[in-house]
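Number of protein chains: 2
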Amino acid sequence: MRFSSSLATSVACSCLVGQVAAQTFRRLGTCPTLGCVFPPDQADFLPGQYFDIRLEVHAPLNGSEASLVPSGNPDTEFTFTIEKEGGGAVPVTQFFGVEETEIERWNFTYYETLFTQTAETPVFVDVAAKAYRKVALYEPGNYIATLNYYGDSQTVANWTVRAGSNQRKAKNTILFIGDGMAQSFITAARLMAHKIVNGKYQTTLAMDKFPITGIQMTHSIDSFITDSANSATALNTGHKSTVNALGVYADSSPDTFDDPKVETMAEMVQNLLGGGIGIISTAYIADATPAALNAHTRDRGEYAAIVDGFLNGYQNYSWVDWKGPDVLFGGGAEQFYPNEDSFLGRDYYAEFANQGYNVVNNATALAQTPNDERTLGIFTTGNLAVWLDRNIYTDNLNVSETDPFGGEGAAIDQPGLKEMTLKGLEILQTQYADEGFFMMVEAASIDKMMHVLDYDRALTDTLELDDVIRATIEHLTRTGDLADTQIVVTADHGHGFDVMGSVDTVYLQAQDDDRMKRGAVGTYEQSGLSQYVNPNTSAPVGSDKNAVYPNGEVFPNNFDPRYTFLQGACAFPDRRENYIVHKDGPRTPAVPLTEDEDDEDYYANPEDSPGGYIVNGTLPVGAPQGVHSLVDVSVFAMGPCQMDFAGVYNSIDIFFKMADCMGLARYEAPTNEASNSGSSNSTSSNSASSNSASPNSVAPAALNSAAPNSAAPNSAASSNAAQWQTW
Amino acid sequence: MRFSSSLATSVACSCLVGQVAAQTFRRLGTCPTLGCVFPPDQADFLPGQYFDIRLEVHAPLNGSEASLVPSGNPDTEFTFTIEKEGGGAVPVTQFFGVEETEIERWNFTYYETLFTQTAETPVFVDVAAKAYRKVALYEPGNYIATLNYYGDSQTVANWTVRAGSNQRKAKNTILFIGDGMAQSFITAARLMAHKIVNGKYQTTLAMDKFPITGIQMTHSIDSFITDSANSATALNTGHKSTVNALGVYADSSPDTFDDPKVETMAEMVQNLLGGGIGIISTAYIADATPAALNAHTRDRGEYAAIVDGFLNGYQNYSWVDWKGPDVLFGGGAEQFYPNEDSFLGRDYYAEFANQGYNVVNNATALAQTPNDERTLGIFTTGNLAVWLDRNIYTDNLNVSETDPFGGEGAAIDQPGLKEMTLKGLEILQTQYADEGFFMMVEAASIDKMMHVLDYDRALTDTLELDDVIRATIEHLTRTGDLADTQIVVTADHGHGFDVMGSVDTVYLQAQDDDRMKRGAVGTYEQSGLSQYVNPNTSAPVGSDKNAVYPNGEVFPNNFDPRYTFLQGACAFPDRRENYIVHKDGPRTPAVPLTEDEDDEDYYANPEDSPGGYIVNGTLPVGAPQGVHSLVDVSVFAMGPCQMDFAGVYNSIDIFFKMADCMGLARYEAPTNEASNSGSSNSTSSNSASSNSASPNSVAPAALNSAAPNSAAPNSAASSNAAQWQTW
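So the protein lines, in turn, are chains A and B. Going from the first sequence to the numbering used here is simple: count from 1 and add 489. Going from the second sequence to the numbering used here is simple: count from 1 and add 489.
Quick caveat, the hints were computed from the structure, so don't treat them as lab data. Mixed in with the good hints there might be a few duds.
Same chains, same label: a pair holds when it works inside one copy or across any pair of copies.
[Said to hold, decoys possible] Capping the alpha-carbon separation at 30 Å, the derived lysine-lysine pairs in DSBU-like fashion look like this:
(1) K689 - K812
(2) K658 - K698
(3) K573 - K812
(4) K658 - K1072
(5) K1072 - K812
(6) K812 - K698
(7) K689 - K573
(8) K812 - K658
(9) K698 - K1072
(10) K1072 - K573
(11) K573 - K698
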């Protein structure tokens, strides 16, 4: 990565893709047997939701499962039937009225354990597969999908079509995602900015005022810790997936763009309701959470293709229409100006403009652009600067080569999440006054800053999200749209983080050794009160003693108090802690101690947190950052269907609740679409390498990947370039 | 402490009282000025809730505030007025119709910072004070209480009487408290015991099935981290307090039993409704959470007096009636059999029996005792054994001197929380079929095990609580009482804890050095699935592949899998981690390396977690354990008032919601009680040393404390015996 300054730390780290040397390596996550069905057992569908079917039969040639393969070759004569419960099993082609497809073949390798990885003895797996594209189930109930292979072996997948509503209750849906935002972040952010008198908050968060709260389980389909790609997939499609996968179930094929797709909320709102689509993030816009609105690839790292997909959709196989979002605001200019990181080297500012988009590249232009056109706003390379750097430590905005046109300069005139969100709202309200809209707003750097253990920046970006929510509600109240809008605020996963007390930073710095420095920590009654809103300290911005800024924003008025939070992660790389805000830009807690680019042995950064004490890590030494955690995250809901969001539920249920409120269920196949006569269509091109030749639909994996048979998700071939997974 | 075995670890640690060398030392937490009013500014009351008033004027004789004192002496001529908003300020005696009381005098010392503590230069504070006892406000609205002192100085306290309901909606209230149970514990416990297939839980927790969830803020009145005493006070009285305080606001007087009291839910249910009271805990029964139902002292460590208070109430000053609980089940036999740890050396088994209680001391007797008498059940010294030791590693029950009669032997026949809870329910249902009841059930060792970083025991006790909730709901359904019962499940605070992935324990043990061992950790897709419910492993108890035991209990069926959770605390002492269940009993993560009893320099216990890697601590080196954290905790509610529990609120609000549902507001002073004519009574004995002479009402502090002027909450005199605060 070419971002060298501290501000770009999280950008650089978020672009790494790969695996970490660790445990529970598996042949293919959702396929414990040798016969794989996607969607797998226990998949839920909205009535009429389009999806692809992928079938695979595996033949491990060595390793612990080799003896299970009768002939040493994968069964190419497998059959697949579907039964509407009680209706009898019928062949898939008959059930959906689709044509039979051809067998595909590939192979891949994987390691069974850390020991075999160390010994470099992978398992080779030969695969026979088929796919059926763009089918749908319209009748609620249970379906039994059965793959018969190797003679008497069966893999049974029980599918459920939920009885969703086709009666629309909400005109608009706004989904706010605080990436990584565990409730502990919200608690700490509240304490940081809101004043307490004798145990009573004098002001509270906008989130605290929501009438209904719920609890969301975030785990992946095949591992109990998720990344932001498959958690966003769950929220946008109702289907859990695998780490790195967007809008697909991850298969084992070499092509990362042929995995079986599932239809997204945004695709349905656009196609069924004619509604507007807004995608807004403080991340580079090809990042997983914004990408999940319409991307379909198991590799979130295909940024260039994802940006092309925002504009042109995914046409390499038969799939739903996509007209592009009406609002697309964020960072990631490197996928837009013509260069090696943009799709086929093209100028995507021009591509969007050619399709009628207004294009803006700074906060001033954003404020001035009209509301009556579709609008692309890309304001920097990489991620947008965080709130603390845009508002308090503004020298940190001077990051070279962040210019959104690829120049040497810095992107100084960046909007905040609030400016993007309110402008996006105005555009959608102007153009979709009747049809309504679905808007996703992501506060991405809550997660990115927590990864680098920059607690203060994670918490202030949490406060920024809260401020955006407050301003959004005020705006909708002014325009009279609040009652017709369902607002859902949640996270896609948590981080193990909490505040355990406070630190006398002056005492800590005055001590000579690490064990003495730990005496600066105060817990329980010695934690005292938050000093970040101390009215007796000088306030860098704003001056109200409750830290309420002139327009109603609530942020701390002292970011550098003597008594700071004792805060920390529950799993971490080596690092040094002095519990003082990082004034020079986002933190880099751990670095290799050599100049060798391949050095993956991370130690506490000697330049980080001067005067603090060393804490050795609990994560693998190749980990320069913290990681996601298991904890359930909170859901805050308001609007016509708010009661549906009470209680405890799985991430996928949020999709079904939101879709239900928008009335997105389809109980009949569309009659106005010839290709959908019967109950499905399947104009598939099922060879992994025979992608459509349309310029806008080339699957980049076919362009960039190695030989078709050499790449796979758990490929041993790529494991010697193992890199730390950071999102 | 005389408990020497590993099982008693948490008991021993929980008996330490004192301060840790740390920051934000304050003169008196809720009193930033020199004039103190208790209840302080922003206090909320249920209409008719009894409370005491304490006024203090401070004269610091040295330190940073000495110059603020006009004469060098505390003002003894201070005045105090109360105004119902808009009604004009009137003297307190006139407002409540109480007699004037006499000035009390004392002094105390405290340190202003860690630096002055190190230099042993305390501040001396001289105090003039008054108290008015057992008053109440019956009319909802705002009140302005004003203390005038030092001529023109004022301390204004705004009090609010909330418009609570006196219409009863629920017959019964059951409050389940998972001590320390952050949502991260619940998430991890769910994953440990409930099987997932392709991202869908096949079974879920009883807590997951509650219709309404909410979010509770847990902070103290004067510090942002709470202990279990003042958080339980908030839940039981609607008044936040100070660390260690039970049912009082903490004043600065030497007597720990003269602090201003507030009426508790249990007192109201008993006196206003004639309802039954059940108090059940897996802790020693004098521990803070059970004690808070009717204790009134700022020192939770006064265990002997608390046990006397369970039976006899608090009569040293005029206070509400108390007839004793109908069910009192837990540990802590050392306060019952006659010995130096029982109140005045008495036999409290006999004291309870003399007042008509059935007394049982083991699980067998508990099961057989009749339901038609009030019942005391004390089953061990210290805390009850945790679920994992009672059910899986049963050799650990052999802890000498846990015999409930003070013998040498072990308390082997201990009931679980479920046996205690279901028996308690039957007793209350039998005796209060018409009047209804209030029962508090605490899973105490969730917290105690997390303090010692024994994650597996904390999580299995979380599962035990969930099983008790499930069984309670089933029982109430059978008896037809579910619809009339409000059930509230919550925690009193959290711990910074989470699960971040998994650990290949075989790989970890096979590596030679600590940095290599960290390579055994798997995150994201390498976290895999929970191995604790692996159907392919041998099951020590139960055998169902979903780990559902014969009576519907859901626990893991393999506690010692190869792939375990990567779990950890966010602040911690030095310790070693091998991520393997501690089979020999609860963990002791850190110990002093010398035999010196006064050694408070804790290092990783050389005998703990063999083969693991060392993690150095972030807490002061005097900390042998983890600490409480800031994170909001979840609330799960079902019953007639369940909708009141949606959203985000403060701990005290739970009291108001529960009391509202029980109709406990009193809009008029009782007319059948002569002493309450007018709006209050105040038959106070206001000298700190002139306690009533009734044998059952002696305040032990008066017996045991040093000279009245030498002890105080932040006393410098006791700080050289500073000990680690552990609950």
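To see whether the hints hold, each was checked on the structure:
1. K689 - K812: neither (50 Å within a copy, 33 Å between copies)
2. K658 - K698: both (22 Å within a copy, 26 Å between copies)
3. K573 - K812: neither (34 Å within a copy, 64 Å between copies)
4. K658 - K1072: Cα proximity of K658 and K1072: none, with 47 Å in one copy and 55 Å across.
5. K1072 - K812: Classified as neither; 43 Å inside a copy, 60 Å across copies.
6. K812 - K698: neither (36 Å within a copy, 41 Å between copies)
7. K689 - K573: Classified as between: cross-chain Cα gap 21 Å, same-chain 56 Å, threshold 30 Å.
8. K812 - K658: within (24 Å within a copy, 54 Å between copies)
9. K698 - K1072: Answer is neither: 32 Å inside a copy and 46 Å across each miss the 30 Å cutoff.
10. K1072 - K573: neither (61 Å within a copy, 49 Å between copies)
11. K573 - K698: between (45 Å within a copy, 29 Å between copies)
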